[in-house]
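*Asks:* In case you want the letters, here they are:
Protein chains: 2
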Amino acid sequence: METFSVRAVGVARTPCRSPGEAPIQGHLRPEVRGEVEVFEEFEAALADVDGFSHLTLLYYFHRSGEERLTAKPYLDDVERGVFATRAPWRPNHLGITTVRLLERRGNVLVVSGVDMLDGTPVLDIKPYVPAFDAGGEDIKIGWLTGKI
Amino acid sequence: METFSVRAVGVARTPCRSPGEAPIQGHLRPEVRGEVEVFEEFEAALADVDGFSHLTLLYYFHRSGEERLTAKPYLDDVERGVFATRAPWRPNHLGITTVRLLERRGNVLVVSGVDMLDGTPVLDIKPYVPAFDAGGEDIKIGWLTGKI
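Protein chains in written order, with my numbering: chain G, 1 to 148; chain F, 1 to 148.
In isolation and in its complexed conformation, chain G is listed as follows (with noise of 0.2 Å):
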């Protein structure tokens, strides 16, 4: 089977120190704050991030362990397919949360909205863009509808 390898662009830096002191979703928290510190070799790819309000960052589940392919998630009690779920024991345990941008300094962004534990590494930061990303109309969402 085909890999691809994959490294960290930078480090989140949040006040979530366990699995039990993140929100379940950084929508859910808006005020939680934190930091994405990209590391020093990327910093260029920075330029015209503070234009963007909210930027989609892309990390690693660095703390997940094993790879399930249905999991009970947070807001439910009924087992579910992951590819359903957010929950972090996926496959590739990659995670994608879109955050508030505050302030960029030098190579460091202060976000809030953010749900991801300390010390996740970041594998790459988007724009958020509502053309691209805001899904449009007749939006269902199957077993979440009437629990968030």
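Just so you know, the hints here were simulated from the structure itself, not pulled from any lab data. It cannot be assumed that every hint is accurate.
Just so you know, same-sequence chains aren't split out, so a pair can sit in one copy or run between any two.
[As the list claims (entries may be wrong)] Below, simulated DMTMM-like cross-link-like pairs (lysine to aspartate or glutamate); rule was C-alpha separation at most 25 Å, straight line:
1) Lys147 / Glu137
2) Lys147 / Asp77
3) Lys72 / Glu2
4) Lys72 / Glu35
5) Lys72 / Glu137
6) Lys72 / Asp50
7) Lys147 / Asp76
8) Lys140 / Asp76
9) Lys147 / Glu103
10) Lys140 / Glu43
We have chain G; now place chain F onto it with these hints.
*Replies:* Same frame as chain G, but now just chain F:
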């Protein structure tokens, strides 16, 4: 530097055979249909996805070649930091696109709004949930303002 190994959980089948045939973003060409063929060993993870109207695909830009820190995006003629763009020539070559789920047929997801090249390795599938993903208010889109 710590690296992480990821592998495809499936492959995208799309009408886009070359970069010139791919939409700049899937949302800009919602009529473009494609399929995600999830490998059989991951099929159990698809349980419950058919309740969601939209899915966010994470994938590997397998044809993007070199990594750059700055690049001229398709929608601009100025060099920008790649973390302020969705350009494929980025560290780790990771892409995300939110697509509409039209139908699930076993291990195949029929979707619309694809912008991936045919054969793109899919690394993860997540339910799109506006309350988690939709950014919120006061959204600013930096250099893209007025271009989309």
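*Asks:* Checking against the hints above, which ones are violated?
*Replies:* 3, 4 and 5
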